[in-house]
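J.: The chain contents come next:
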Amino acid sequence: MRVDILYFAWMREAVGTAQEVVDIPAEVATVADLAVWLSTLSEGHKAALGDSEKLRCAVNQQMAGPDARLEGAREIAFFPPVTGG
Amino acid sequence: MTSVSVQTEPFDPGVEAEALEQLGAGAIATFTGLVRSDDGVDAMTLEHYPGMTEAALEALITEAKTRWSLAGARIVHRVGRLEVGARIVFVGTASAHRKDALEACAFLIDRLKTDAPFWKKEDRAGAESWVAARDKDEDAAARWKA
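From first to last, the protein sequence lines are chains A and B.
Take the first sequence: its letters are residues 13 to 97, numbered as in our numbering.
Take the second sequence: its letters are residues 11 to 156, numbered as in our numbering.
Careful, some of the hints might be misleading.
Simulated crosslink set (BS3-like; lysine-lysine; CA at most 27 angstroms straight-line) [said to hold, decoys possible]:
#1 B:Lys131 to B:Lys75
#2 B:Lys146 to B:Lys109
#3 B:Lys131 to A:Lys66
#4 A:Lys66 to B:Lys155
#5 B:Lys131 to A:Lys58
No lab work stands behind these hints: they were computed from the structure.
Take these sequences, add in the hints, and give me the full structure.
T.: Below is the structure:
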């Protein structure tokens, strides 16, 4: 399944890109699975996504927990806890 | 009237409040957040998630309208580089009586801090660092759990 992956804030800097298209293997079923799989792509990905405590995710621009499933996902974003306001 | 704006341009809280006054309600509550000079901060840069940010802010207003009787609500949030003292965020609410406007205004800014995808990077004399999320913001948002 091909999806757009977006990164924000220091995770974008760690990965080295704001956006990439990836082909997700069938066995990657959840947000948590995806973070683990993406972490294997590079040292930067590992630095960004390796600590699940600091990881937040949105699937199709809706906040999604680690157990959220990826069916129907077109755009998946990873980012640290938000700090607006 | 409900509206949200995510913009690089400055905003005028007086103009925003006057727009709410035009609704003819009896009470207006507003909150304006500014860049603090904490620990030598010179400026900060705000990043956001275009599309999702606006939707998240609109969802917060929709939730506020189910909990309080509001004639209108307005959220303006700036992004990009902001110097110390610059306005970052405006939240305004209008209602018939003060309680709805005051509580809804506090709800919107508390939940904005935990639910809307914005990230701050501080600049201290050219040294940049990302702001970490604070537990007390989570606590402030949690008090609005229904």
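J.: All the hints need checking, so say for each whether the structure fits it.
T.: Here's how the hints hold up against the structure:
Of the supplied pair hints, the one linking Lys131 of chain B and Lys75 of chain B is violated, its CA atoms being roughly 32 angstroms apart against a limit of 27 angstroms. For the hint pairing Lys146 of chain B with Lys109 of chain B, the CA-to-CA distance comes to about 24 angstroms; that is within 27 angstroms, so the pair holds. For the suggested pair Lys131 of chain B and Lys66 of chain A, the alpha carbons sit about 16 angstroms apart, so the restraint of at most 27 angstroms is met. Under the criterion of a C-alpha separation no larger than 27 angstroms, the hint pairing Lys66 of chain A with Lys155 of chain B is consistent with the structure, at around 22 angstroms.
With a C-alpha separation of about 22 angstroms, the suggested pairing of Lys131 of chain B with Lys58 of chain A holds against the 27 angstroms cut-off.
Violation of the numbered hints given earlier is confined to hint 1; every other hint is satisfied by the structure.
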